[in-house]
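Novice: Below are the chains, spelled out letter by letter.
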Amino acid sequence: MFRYCVSKSPLLKTCKGQALRIIGIQTTVRDAHFKFVADPPKREFGETQKMNLFQSLTSAMDITLENDPTALVFGEDVAFGGVFRCTVGLADKFGGHRVFNTPLCEQGIVGFAIGAASAGATTIAEIQFADYIFPAFDQIVNEAAKYRYRSGGLFECGKLTIRAPCSAVGHGALYHSQTPEACFAHVPGLKVVMPRSCIQAKGLLLACIQDPNPCIFLEPKVLYRSAEEEVPIGEFTLPLGKAEVLIEGSDVTLVGYGTQIHVLKEVAQMAGEKLGASCEVIDLATILPWDSDTVCKSVEKTGRLLVSHEAPLTAGFAGEIASTVQKECFLNLECPIERICGYDTPFPHIFEPFYMPDKWRCFEAIKKMMNY
Amino acid sequence: MFRLLTRAVSKTRYGILCQNSTKKCIPASFLKNSYSIEATDDKPQYPGYKTEYVHKLEFLEPNTEDGIPVYRVMSREGAIIDETQDPKLDNETLVKMYKSMSMLNSMDRIMYESQRQGRISFYMTNYGEEGTHVGSAAALEDRDLVFGQYREAGVLMWRGFSLGEFMDQCYANINDPAQGRQMPVHYGSKKLNFYTISSPLATQMPQAAGAAYAVKLSEEPDRCVICYFGEGAASEGDAHAALNFAATLDAPCIFFCRNNGYAISTPTSDQYRGDGIGGRGPGYGIITIRVDGNDLLAVYNATKRARKIAVEESRPVLIEAMTYRVGHHSTSDDSSAYRSVDEVNYWDKKDHPINRFRLYITKRGAWDDDKDKEWKKLSRKQIMEAFAASEKRLKPSPKHLFTDVYHDVPAHLQKQMNEMREHVKKYKEHYPLNNHEPM
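Chains D and S are the protein sequences, given in the same order.
Letter by letter, the first sequence follows residues 9 to 380 in our numbering.
Letter by letter, the second sequence follows residues 584 to 1022 in our numbering.
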């Protein structure tokens, strides 16, 4: 009932400019920095239904709560449906003891989740924005990631999944835009995952929940409403640690994850049309442990690699990919590996269009690589 | 959809506004926490408060002069002060309690010395706090889960962790279930429901609250969780998180604070200005008691009642046990640099939990000097035997550097394991391979 009211509210239309005009505010709204193109439906997983990204996540949690009586979903404001609507209806369906609000304290949320997971509950903890995951950094890095190792498997918290909305949203500035995957990629014991689409989000979230290791699931929040796909309504999982070749090509390998995949797909098309360059686009999907085999195999074929992510350049995950590929594919490389990333600044408000590793920056890099 | 904004929106949505305009849109279950507004001017209507207005300016003073009293059952001479408070435990239990404390004390002495001789890398003694461990452990069921800090070895001793298990961990040999990965005294036992210790302080506290919540919803809900921590750890943000989460989520968790006066060199006067840790309990809505930590029977009674409250009423309890850290913080610390020998001697000689308990059980006729002498000899012999056996055992295979990082060893770690193996083979004279099981 409530879900109906909110989703019909004209103020919550996906298009910001349209929503603002309703209440009389004129604004110049820039186009999104990417174009979402839906993947073809995965019929092998049965009946599908049109869902946006937040609905596909709700569906994954719904299935988990239904099938696993120990499963718990909690965090700040999740009981009424969550500030991004990802948990709408779940508390009503499964009870306030299984889907509940916590006090406003991220270190508490993750600590609580580790404890519950270690005592046998499947825990899905939500951090409201990835920008606010840092108070829980100690619990994630020193505790969750090391629980099994330090006890020799006597105790573990593999049933833990932490969900957090991440990445640019157009106007999120410093603390509603960050993509902190590289911080966690440096932590042995964790799995770090980021989907690009609704089908992938559901399949990978279910895989994280069922994986016997603590997982951090980063959700590009700009896709919550803007992405829509035919998503299988039943349970299915997609493999963790496996990259996906989305477009095959022979001249340049483009690697990314999350929203940036949609930028790279458009760049591949532009490079084909304007430069005659055939680009292979790879979605890493899992950042730790990452699928170096698929990436290296591609670079052996193309001889050129561009890695792109929204997070800052220095010590970003592109650095890890570049150095590995440089070692494994040294004889195949025909030009230096390019990294098109956010700049080494905090994420700015009004300068977001200039900060982003957008299609033009990526296009220019490919142009240089082809002419090297 | 921003954090500050959404907070404001959800507040109004579920607060005053929802009473009128949007009520129909909201599932009934979410309205249970909203409140009805009375049409009177002289009663405060703030959400979540039951209080009165006052018309004189007055700040609330903290009450530190006249703090929470310390619950005590026995005098320093081991005499019961109020007979109604004697738990009247049977002799067998009393002797087991005494033996656990004194065995721990003897083991501490030997392990401390062995660190001094460089035979193990590190150690932390439990001197002066043995009563808090055994008194609380004995009041619990063995199926209750324990989360500790690092100075609670007596809980394991009570539950039946063997001398060999203690020493195998300290020696990091092949019998350590954690394959020697952690520093000494970071014990853990799945079968005794004692969570493996980790060094970061207070991290176990919100975890204990979460485990208690899971236990409450599990198929064996008649269990609770106990979480030990020092008064220094209570300053960490995680302590705040834990107490607040346990209270708001009705977690059956006993928070047991060992207030021993020092966090390494920092006295409590540099640690807090309120009425100890107990003084904070009521602020979180947590039922609280302060006990004499050197009085095993007081600790026992308080924990016994706390367990009943936690399990039957499904709510957290805070126990602050006042005690004194008689030993150095660790083998890496010389406490004479920041406190007087007289102070330490007072607690060691005049107010010690083991001495007090021995006087009590002797008065009860459960123990005597001859038995004591014989037990000291026997326990020493058992410790020395376990010590020698653990010292002789090989260290685990170097391959265990890579196992248990994940449930399975992922490809990149397999690769690094092979690289290490090849490298060490090539440079074998530079690595202590003889101490370890083969790779």
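Everything labelled a hint here was simulated from the structure, so no lab data went into it.
Among the clues, some could well be false.
[As the list claims (entries may be wrong)] Pairwise CB distance ranges (calculated): (1) D:Pro247 with S:Pro1021: 51 to 59 Å; (2) D:Glu256 with S:Gln999: 54 to 62 Å; (3) D:Glu308 with S:Glu974: 25 to 33 Å; (4) D:Lys101 with S:Tyr636: 56 to 64 Å; (5) S:Gln999 with D:Tyr183: 52 to 60 Å.
[To be verified] DSS-like cross-link-like pairs, simulated, lysine-lysine; straight-line CA separation at most 27 Å: (6) S:Lys978 with S:Lys679; (7) S:Lys933 with S:Lys959; (8) D:Lys305 with S:Lys998; (9) D:Lys282 with D:Lys309; (10) D:Lys335 with S:Lys1009; (11) S:Lys679 with S:Lys774; (12) S:Lys671 with S:Lys887; (13) S:Lys671 with D:Lys335; (14) S:Lys956 with S:Lys933; (15) S:Lys978 with S:Lys956; (16) S:Lys946 with S:Lys960; (17) D:Lys43 with D:Lys250; (18) S:Lys1009 with S:Lys679; (19) D:Lys43 with D:Lys58; (20) D:Lys250 with S:Lys933; (21) S:Lys1009 with D:Lys309; (22) D:Lys376 with D:Lys282; (23) S:Lys960 with D:Lys335; (24) S:Lys671 with S:Lys1008; (25) S:Lys998 with S:Lys679; (26) S:Lys998 with D:Lys335; (27) D:Lys282 with D:Lys335; (28) D:Lys250 with S:Lys959.
The C-beta atom is built at its ideal place from N, Cα and C for all residues, glycine as well.
Novice: Each hint should be assessed against the structure and marked as holding or not.
Specialist: Hints and how they fare:
1. D:Pro247 with S:Pro1021: 51 to 59 Å: Roughly 34 Å apart at Cβ, these two residues miss the hinted range, so it is violated.
2. D:Glu256 with S:Gln999: 54 to 62 Å: 31 Å, violated
3. D:Glu308 with S:Glu974: 25 to 33 Å: 53 Å, violated
4. D:Lys101 with S:Tyr636: 56 to 64 Å: The hint (56 to 64 Å, Cβ to Cβ) is violated, given that D:Lys101 and S:Tyr636 are roughly 42 Å apart.
5. S:Gln999 with D:Tyr183: 52 to 60 Å: 36 Å, violated
6. S:Lys978 with S:Lys679: Violated, at about 33 Å.
7. S:Lys933 with S:Lys959: The hint holds at about 21 Å.
8. D:Lys305 with S:Lys998: Distance ~17 Å between D:Lys305 and S:Lys998 Cα, so the pair holds.
9. D:Lys282 with D:Lys309: The given pair, whose Cα atoms are some 22 Å apart, holds under the 27 Å limit.
10. D:Lys335 with S:Lys1009: Holds - the C-alpha atoms of S:Lys1009 and D:Lys335 are around 22 Å apart, at most 27 Å.
11. S:Lys679 with S:Lys774: Within the cut-off at roughly 20 Å; holds.
12. S:Lys671 with S:Lys887: Holds, at roughly 13 Å.
13. S:Lys671 with D:Lys335: 72 Å, violated
14. S:Lys956 with S:Lys933: 21 Å, holds
15. S:Lys978 with S:Lys956: 36 Å, violated
16. S:Lys946 with S:Lys960: Given that 27 Å is the threshold and the Cα spacing comes to 22 Å, the pair holds.
17. D:Lys43 with D:Lys250: 24 Å, holds
18. S:Lys1009 with S:Lys679: 54 Å, violated
19. D:Lys43 with D:Lys58: 18 Å, holds
20. D:Lys250 with S:Lys933: 66 Å, violated
21. S:Lys1009 with D:Lys309: 35 Å, violated
22. D:Lys376 with D:Lys282: 13 Å, holds
23. S:Lys960 with D:Lys335: 63 Å, violated
24. S:Lys671 with S:Lys1008: 63 Å, violated
25. S:Lys998 with S:Lys679: 51 Å, violated
26. S:Lys998 with D:Lys335: Answer holds: S:Lys998 to D:Lys335 is near 14 Å, not above 27 Å.
27. D:Lys282 with D:Lys335: 31 Å, violated
28. D:Lys250 with S:Lys959: With a Cα-Cα distance of about 61 Å, the restraint between D:Lys250 and S:Lys959 is violated, given a limit of 27 Å.
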